[in-house]
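**Q** Each chain is listed here by its residues.
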Amino acid sequence: MSDFTPDEMMTIAASRALTNDDVCFVGIGAPSAACNVARLTHSPDITLIYESGTIGTAPDVLPLSIGDGELCETALTTVSVPEMFRYWLQGGRITIGFLGAAQLDRFGNINTTVIGDYASPKTRLPGGGGAPEIASSSQQVYMTCKQSRRAFVQTVDFYTSFGHGDGGDHRQRLGITTKGPTLLITDMAVWQPDEETKEFTVHSLHPGVTREQMRDSVGWDIRYADEVVETEPPSAEELTVLRELKARTKAAHERSSRSGSRSQSDG
Amino acid sequence: MSDFTPDEMMTIAASRALTNDDVCFVGIGAPSAACNVARLTHSPDITLIYESGTIGTAPDVLPLSIGDGELCETALTTVSVPEMFRYWLQGGRITIGFLGAAQLDRFGNINTTVIGDYASPKTRLPGGGGAPEIASSSQQVYMTCKQSRRAFVQTVDFYTSFGHGDGGDHRQRLGITTKGPTLLITDMAVWQPDEETKEFTVHSLHPGVTREQMRDSVGWDIRYADEVVETEPPSAEELTVLRELKARTKAAHERSSRSGSRSQSDG
Amino acid sequence: MAFMTLREAVADTVRDGCSIAFEGFTHLIPHAAAHEVMRQGMSDLTLIRMTPDIVYDQFVGLGRVKKMIFSYAGNPGVGLLRRVRDAAENSWPKPIEIEEHSHAAMANAYEAGAAGLPCAMFRGYLGAGLKEVNPNIKSVICPFTGEDLAAVPALKPDVTFIHAQRADRAGNVLLEGIVGIQKEAVLAARKAVVTVEEIVDDLSAHPNMTVLPHWTVHAVCKVPGGAHPSYVHGMYDRDNAAYLEWDKIAADRQAFADWMEEHVMRASSDDFAKRIKGLERAAS
Amino acid sequence: MAFMTLREAVADTVRDGCSIAFEGFTHLIPHAAAHEVMRQGMSDLTLIRMTPDIVYDQFVGLGRVKKMIFSYAGNPGVGLLRRVRDAAENSWPKPIEIEEHSHAAMANAYEAGAAGLPCAMFRGYLGAGLKEVNPNIKSVICPFTGEDLAAVPALKPDVTFIHAQRADRAGNVLLEGIVGIQKEAVLAARKAVVTVEEIVDDLSAHPNMTVLPHWTVHAVCKVPGGAHPSYVHGMYDRDNAAYLEWDKIAADRQAFADWMEEHVMRASSDDFAKRIKGLERAAS
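Here the protein sequences line up with chains A, B, C and D, keeping their order.
For the first sequence, the numbering used here begins at 1 and goes up steadily by one.
For the second sequence, the numbering used here begins at 268 and goes up steadily by one.
For the third sequence, the numbering used here begins at 535 and goes up steadily by one.
For the fourth sequence, the numbering used here begins at 819 and goes up steadily by one.
Treat the hints as calculated values from the structure; they're not laboratory data.
Hints may contain errors.
One side only, chain D facing chain B, incomplete, derived with CB under 7 Å [what the hints assert, rightly or not]:
id : residue
1  : Ala933
2  : Leu1005
3  : Pro1025
4  : Val1029
Covered, in the sense of this in silico footprint (three residues per stretch, anywhere, with C-beta under 8 Å from a C-beta of chain D), are these stretches of chain C [what the hints assert, rightly or not]:
id : stretch
5  : 672-678
6  : 741-747
All figures in this text were calculated on a predicted structure; none of them were measured in a lab.
C-beta atoms are modelled at their ideal positions from N, C-alpha and C, and glycine is treated no differently.
Construct the entire structure; sequences and hints are all you get.
**A** So, in structure tokens, the structure goes:
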């Protein structure tokens, strides 16, 4: 087994959580890579859905956006966006909603809306897109995000999508019947919510990661499971699949862009 | 000009009320023949819509049902039934809803549900199908029906679809913003609602029809317009188009049925 | 999804007292599936369908129906349903409960079922008599304009049966032509069974066509001719004579009983392939 | 429907202060139409779009936007929208009003607009912060189950612009591939303008594909390349480099102004055909 980066470990650990039977609503970025690695390794029959309307897509390269042509060309079928959100997400057919985050807290609440005050933001982020309803309508939610003190905060500035709120039975109290965030995979660890409090708890640390590094990258006092194991390192196959996917993606996206001279002629 | 039947006069008079710019939601039976005669004579660009989802259809023969294959094969596009009722009918895009009737009253209220009491009917009719919302969502409603004392009654047994209710501003009082029935074409006359009372009023009598015949075929005291004209008889072209359409229809429906031996073998 | 015989699929999904939608809007009516349910004897059924026609006339005539939820009960292009009339007017062979809607309401109610909502909201039933006789027609107020809109409960059949052109070997299903309400009826159901004309290696479907992924379907059964006397776009024509004949058969209780015995009870779903002989279309 | 030049269609439909949707979900974004509106100088606009990206960054940077109704304001695959940020964070060149929703809410609101309803109802915003800051998120109670469902007003733009593959000579429009929310955005609008790659004798469309009848559209304009740097399924690829470059251009107020002057103000919609050179796909 060769060397690997924390990013690679994150993507591969996330990919392992998926199964052949999953119907996965894929957020862009890290979730997309993990879902496609799962498809290209242990779960060839996994159903990947992107919010642009593509159902059962099998891209050869990773999409740059949720609406890339490759997603439609390789999909079983492509539906309109209202249908996607009504029949497929709200209809309860999604087993896993897979989300990234700009900011999250220990209860899996996510913020991708603003840093600072909503009315006069310090940083205006893109907003929720599909996330608010992915978080409430998917049977469960997996999250993947790199750890940093900026991202892993005591309290999110804005509840873009609701995780476990203040913890405990907060979801049920709001009438939400789905499980919510059940897994968080970072570049350093794998976290799962405590059964009672719903606070995300570290269950495995990636190879070489120390508790000191963890503390420096998370803005709250971290809870560890009674037994914390080391994450199985990437296998040679997993690494090969991921790296080939990334290489194909890079080559394809360069190929589909025109040469540098374009910017002089017409922008 | 050759002889013609009252049925032919009805269909042709109804066809004349349509224009090239109309988007017409076509009920089956008499409305379907009238709409297609309009398309084959003065209004080649009329848009005909059937509730099965076919938009801009141009059948070579008359459909036996609202879902015949011919309708789809000749349509500009075919949409799902929920889309038909949401985007196309409820969306307010239909200029003319064209309905038939089993029973109607002088305010254009239609019954195709039951004769007698709803809970213990004397005759159970098919029900409303699309008619309740065709009557309220189309910009206006044309109706066509053969006159008889059984059909043209003082009070309908059931309000399958609402015309002008008790007359006057009854539609507005119910919050209905569309015009409702504005034209009634029968085998004997052309009727239009009075501007104030909304009672259907005879504006033209078909050639040869007398006021006595009218009285014998209608279950209420008929109002006549101040000036009642004679309906322009069918032109040679109109009659030819209608008869050829009917002949093609008969031939096609016989061709698409298997021979009589079928019923012995498997019903 | 599992590939099954129609017999297996019916035995696996239908129980006495359950609610079933056999959907198809003139086109693609799942006659073979309905006959198999009749043969297997399930009773006390709630039958749901926008346009109950011959098939529901048969179920009602056999006395298998507790309740019918529908919006237009006619024999398309012919007239009334005589067995349904006999039940509604004379309680023969037994009374049936009726929950009657408009097409718009049924279409919206299936859509709401597919969309996982408890009810559908639309502009409808204005001035219509059904509001007075159907307690499942209520209203909601638009919180922005104050408009009073109609509301009906979402339809969520225990089982939906539909017929389609083809499935691929993974069980993904393609429908073409007048697609009606079938996608919604499948997605609204607890379980869906699809009979198909053929099973192919590749659906070769344009991305925007109507495809049901295999994981939305409980069972796929190959039943060539399974829509007869309804038709299959691109494959075979409607058997118009059969609809005309039905009017005569259903007019008489004994003629009905005899016909059902011969053509349904003593037949099998394999017989449907024979019934479309002479109605096939040349492949386009 | 009338065939017009894009210049005529914009002059005919857009006024200061009106609400406009330029829709396209990564695919088929009507860049040429947006640039024409910028050139003609209309201002004080309410811009509606699920995924405002470069085009809305440009409108906002030019100070033409009074209000933006949206659900995800990012540069797809790249990051943030720097002109939108500058307006939201620093009120430069002027403050903008924001009405922010989720994708589900926007999709439902367009759907309700297309369906002629005053509002949309769906299961959403559960626990979400937008409910606290957007007064246009209300609720309705299901009259059958008592469930509290989210409600938002229907979207009904004064004008919707979309880009599509082709129209026929009657002005019927065909969209293929990721069709997004465009059909709903057109049907919800008071007037719709469609730019197309080509005008053909016959759409040759399968019955179940996405076609907009000519009478649903105010104007059709032939603008080859009109989606660039977005893409057109089956015709040309996305110009990913342009999206990356935009991040640099939009990072600096002066660089932005210079770029807009050269590539939008002094250009015309005819220039788009050149911009897709090298991105075309072989006809399949």
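**Q** Determine for every hint whether it applies to the structure shown.
**A** Verification of the hints:
{"no.": "1", "hint": "Ala933", "in the structure": "holds (4 Å)"}
{"no.": "2", "hint": "Leu1005", "in the structure": "holds (5 Å)"}
{"no.": "3", "hint": "Pro1025", "in the structure": "holds (4 Å)"}
{"no.": "4", "hint": "Val1029", "in the structure": "holds (4 Å)"}
{"no.": "5", "hint": "672-678", "in the structure": "holds (count 7)"}
{"no.": "6", "hint": "741-747", "in the structure": "holds (count 4)"}
Violated hints for the displayed structure: none, as all numbered hints are satisfied.
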